[in-house]
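Listed below are the residues making up each chain.
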Amino acid sequence: MSTVGNKVKIKYFGSEYEGIILESSDKNMHLLKLINGYNVGLPKKGSKVEVLGKSRIGLKSDFAPLSKNKLLPNVALISTGGTIVSRVDYKTGAVHPMTKPRELLGKIPELKKIANISVSAPMSIFSEEMNQEHWSKIAGFVARELNKDDVRGVVVTHGTDTLHYTAAALSFALEGLSKPVAIVGGQRSSDRGSFDGGMNLICGVHYANSDIAEVATVLHGTSSDDYCIANRGTKVKKLHTSKRDAFRPINTVPLAKIYLNGKLEKHSKCKLRHSGKIKVKSKFENKVALIKYYPGMSPDILKCYEDYKGIIIEGTGLGHVATTTWLEPITNLIKKGIFVGMTSQANYGRVDPYVYSTGRSLSNHGVVYLEDMLSETAYVKLSWVFGQTNNLEKVRHLMVSNLRGEYSEKSHPNAFLY
Amino acid sequence: MNYGTIGFKAGIEIHQQLNTNKLFSRCESKLTKDVPDTLIKRKLRATKGESGKIDIAAVFETEKNLDYIYEVHNSNTSLIETDEEPPLEINEEALEIIYTVCRLLNCNIIPFIQIMRKTVIDGSNTSGFQRTCLVGTDGYIDTSKGKVLIESVILEEDSARRVSEDKNAVTYRLDRLGIPLIEITTVPTLHDPDHIKETAEKIGMILRSTGKVKRGIGTIRQDVNISISGGGRVELKGVQEISAIHKIVDTEIERQQDELAMNRKVGGEVRNVKADATSTFLRPMPTSSRMYPETDLPIIQTNFKKINSIKLPELILARKERYLKLGLNEELSSMIANSSRNDVFDKITKTGINPVLITTILLSTSKEIKRKLKITSWSFPDKFYIDMFLLLADSKITKDSLPEIMERFTKGETLEEITKDYKPISDSELQKIVSEIVKSNSKLPTGALIGKAMTQLAGRADGKKVAKIIVELTK
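From first to last, the protein sequence lines are chains A and B.
Numbering follows the numbering used here, in which position 140 of the first sequence is assigned residue number 140; successive positions increment by one, without gaps.
Numbering follows the numbering used here, in which position 317 of the second sequence is assigned residue number 317; successive positions increment by one, without gaps.
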C-alpha cells in the first residue's frame with residue numbers, strides 16, 4: 001500500500017494530499033512528494049491511503065558516451081568519493097557518493113572541450129574513512145595512469161576532510177614524479193547550482209595538462225568562482241570546515257593560480273614535467289601516530305604507543321611539552337627504539353629546540369625537531385618512511401631530509417595567513 | 001470587459017516579509033545602502049532534480065552564462081548567506097507567525113514539514129536554490145463574492161536584491177537574502193479585477209493583523225496568475241501597487257487574446273509587470289522538478305498542542321469596528337487600527353482620556369515633531385506615551401503641554417524632569433492671573449486676550465478653561 005514509488009491520494013484530517021510515496025526515515029510517517037514538488041510527512045495513524053498507480057522516481061544516469069578528440073590532451077580521472085561525487089538520494093534525503101563517477105562529467109560539459117577524460121573509481125568513500133591501504137591503492141592507480149605515454153596527467157577526486165593527508169601520501173609514494181597530479185574536492189554538493197567542485201575539476205584538469213610535475217591540491221583560491229590555487233601536496237591544510245577556499249598553503253605560497261580559461265600563473269618554484277617512469281613506493285606503516293599535546297595532558301597516553309614504530313607530537317609553540325612530566329616517558333619510548341618527532345600546533349612557523357631549555361632537553365634526549373613541516377604531513381611521511389625501512393638511522397635521516405618539498409628552505413614573508 | 005464570457009480565471013500569490021531575524025541564519029533582517037564590505041563573484045550551473053529532469057526554467061538561466069556579483073555587508077550577512085556554511089535550524093519565531101497566519105486563514109497544517117530546496121539559478125540565491133517549506137493547505141477567506149480558497153501557505157527565504165546588471169553580470173545585494181517570507185496562494189477562482197483587489201487587500205489585512213510583518217515598500221509583493229479560454233496560465237510577477245490591478249489585468253487579457261488570435265500558444269510563462277501595466281517575458285514557468293529536500297536540515301514535527309494554544313490576534317478590521325464604537329471617525333479608526341501603536345492606544349484609552357486626542361498625539365503630533373527636528377531613526381517608546389497619558393489623566397499636566405513635553409523628551413530629558421515645568425495652575429490662581437491680563441489689556445479683543453494668556457501660561461493651563469474665564473470677564 002504505502003510502497004515507495006506509488007502514486008497515492010492520502011486523506012488526513014479533512015485534507016487530501018496527492019503525490020508519490022518516498023522512503024521515510026520515520027516508520028510512523030508517510031513521506032509524500034506532492035504534485036507541486038513539496039515533500040510533506042503525514043502520520044500513518046489517521047491517514048487513509050488510496051493507491052492511484054506507480055511512478056518512476058530516481059536519477060537516471062544518462063550521460064553521453066565519452067568520445068575522444070585527438071586534438072585534446074588525455075587526462076585520467078580517479079574518483080575516490082566525497083562531496084564532489086556525492087548526490088542526494090531522493091528516497092532518503094541523505095547524501096551518497098555517485099555510483100557512476102562519469103555522471104560528474106555529465107554535469108560539467110565544459111570538460112569535454114578541455115581534455116579527453118577517462119574515469120576509474122577504485123573506491124567511493126567519505127574521506128574520513130581513508131587509511132593507509134587506500135593511500136596505497138590510489139597511488140597504484142595514479143602511477144599506472146601516469147606511466148601511460150598518452151596520459152598527460154591525473155586528477156584525483158577526493159572528500160575534502162582528509163584530502164591534504166592523501167595529497168601528502170601521494171607526494172611521497174610517487175617517486176620520480178614526471179607529470180602533474182591534481183587532487184580536487186568540493187565543499188558544496190553537486191546537486192546545487194552553486195557546486196564549487198565544477199570549477200575545481202576544470203582547473204584540476206588544466207593543472208593535469210600543465211608543465212608542473214608535482215602533486216598538488218586544486219581548489220578555490222577565494223570565496224569567488226574566479227580562480228583555483230594549486231598547493232604543494234605536502235604544504236597544505238584544510239583550515240575551514242565549510243568555505244570553498246578552505247585549503248591554504250602553510251609556510252609557503254601556492255604553486256600556481258589557475259583560472260577557468262586555463263590561464264596558469266606560477267607563484268613558486270616547482271618541478272617541471274620531464275620524461276621518465278614513475279616508481280610507486282606505496283607501502284605505508286600504520287603503527288605510527290600523531291598526538292596533540294595540550295596543557296594538563298597526562299603522559300599516560302604514551303603507554304598506548306609502546307608497540308608503535310614512531311609518533312609525531314604536535315607540541316606547543318616552538319615545539320614543547322611539559323618536560324616535568326613528559327620528559328621521562330618520552331625518553332623511555334626513544335630508548336625502546338620508537339621514533340619521536342616534534343611539530344607545532346601553531347600551524348605556521350618552524351619548531352626550534354634551542355630557544356628554550358624545554359626544547360633543548362627534549363632534543364638532547366632524542367626527539368627529532370621537524371622544522372616547518374606540517375603535523376599532518378609529518379605523520380604521513382613517518383608512515384611512509386617506515387613503509388620503506390625499519391632502520392632507525394635511515395628513518396631519522398629520511399625524516400629530516402627534504403624529499404618532496406615538505407620543508408621550506410627559507411620562511412617566506414608572505415606565507416602567513418595566505 | 002465581461003470577464004465571465006471569456007473564461008477568465010485568476011489566482012494570486014502574496015509574498016510578505018516577516019519582521020524577524022533571517023530564517024536560517026541569525027542575521028538581522030535589515031536592508032542597507034552602505035558601501036559593501038566585500039564583493040563575491042560566482043557562477044551557477046543547472047542541476048538535475050529529484051525526478052532526474054533538469055528544470056526548464058533552470059536551463060533557461062544557465063544558458064545565459066552570466067557572472068553573479070554579490071555585495072556582502074558584514075552587518076547583515078553571514079557565511080550562510082554567502083553559501084559558505086550549512087544553514088542553522090529554522091527560526092522558531094517565524095514558524096510561530098506562519099502557524100498563526102495558517103489559523104487565521106482556516107488552513108490545515110502539515111504534520112511533518114520538510115524544508116525543500118527550490119532550484120533558482122537566476123543568481124538571486126547564492127546556493128542556486130531557495131529554501132522553502134509547505135506549512136498550510138486548504139484554507140479559505142470570505143469575500144463579498146463568496147469564499148476564496150487558499151491553496152497553500154508557504155514559509156521561505158527571500159531572495160537577494162538585484163542592484164544592477166549589464167551584458168555579462170548581474171549584481172545582487174545579500175541583505176535581503178534569507179529574510180523570512182510567507183507565500184499565500186489562492187485557488188484560481190477569482191472572478192474579476194475587483195475581486196482580485198479585494199482578496200489581496202483582505203489577505204494583506206490578515207497578515208498585518210499579526211503585528212509581526214514588515215511594513216513599507218517592497219515588504220509585500222503580489223503575483224497574479226491569469227488565464228482565459230483557449231490558453232494556459234500566465235504568471236505576472238511584481239505587482240507592487242494593488243490599485244493598478246485593473247489596468248494590468250485588462251492589458252494582459254488583451255495580450256493573451258491577440259496571441260490566441262494569431263494562433264500562438266499562450267501560457268506556461270512568467271512575465272514581469274512594468275510601470276505602464278504592460279509586461280515582458282521573464283522565464284518559462286518552473287516545474288515541480290525544481291524541488292528536492294534540504295538535506296542539511298531535519299524534518300520538523302508540528303506541535304499541534306502548541307499551535308492550538310497560540311492566542312490569535314484581533315483582526316485589523318475587527319479592531320477598526322471597535323474604534324468606531326469608541327467614537328473615532330472612519331479615518332482615525334482605520335489609521336490607529338492599522339498602526340503598530342494600537343496596543344498602546346488600547347492601554348491609554350482605559351484611562352478615560354479622549355480617544356481622538358490619543359490618536360492625534362500617537363499618529364500626528366509625533367510625526368510632526370520628528371519632521372520638525374529631522375529625527376529619522378528614532379521613535380517615542382511605548383512606555384513614554386503610557387506614562388505621559390497617565391500624568392494627564394491624573395491632572396499632573398495639561399493636554400496643551402503635550403507637544404512641548406514630547407519635543408523636550410526627544411532632546412534627552414526625562415519625563416519626570418520635564419513635567420516639573422508643566423504643573424497645572426490651580427483654579428483660583430488661574431482666575432487671578434487671567435484677571436490681571438484682562439485688566440491690563442482691556443482694549444484687546446477676546447481672541448487676542450486668550451492668545452496672550454495662553455502664551456503667558458506656557459501650557460500650564462487648559463485652553464478651554466482660560467477661554468471660559470476670559471469670556472466671562474469680558475462680558
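FYI, nobody ran anything at the bench for these hints, they're computed from the structure.
Where a beta carbon is used, it is the ideal one built from N, C-alpha and C, also for glycine.
Possibly wrong hints are sitting among the right ones.
Stretches of chain A that chain B covers, calculated by requiring three or more beta carbons in the stretch to come under 8 Å of a beta carbon on chain B [what the hints assert, rightly or not]:
#1 5-18
#2 32-43
#3 190-199
Stated coverage of the region 5-18 of chain A by chain B [criterion: 3+ residues, CB within 8 Å]: holds (count 5)
Would you say the region 190-199 of chain A counts as covered by chain B, given the rule of at least 3 residues with C-beta under 8 Å? holds (count 8)
Using a Cβ cutoff of 8 Å, are there at least 3 residues of the region 32-43 of chain A near chain B, or does the coverage claim fail? The restraint on the region 32-43 of chain A holds, since 11 of its residues have a Cβ under 8 Å from chain B and three suffice.
Every hint, counting from the list given before, is met by this structure.
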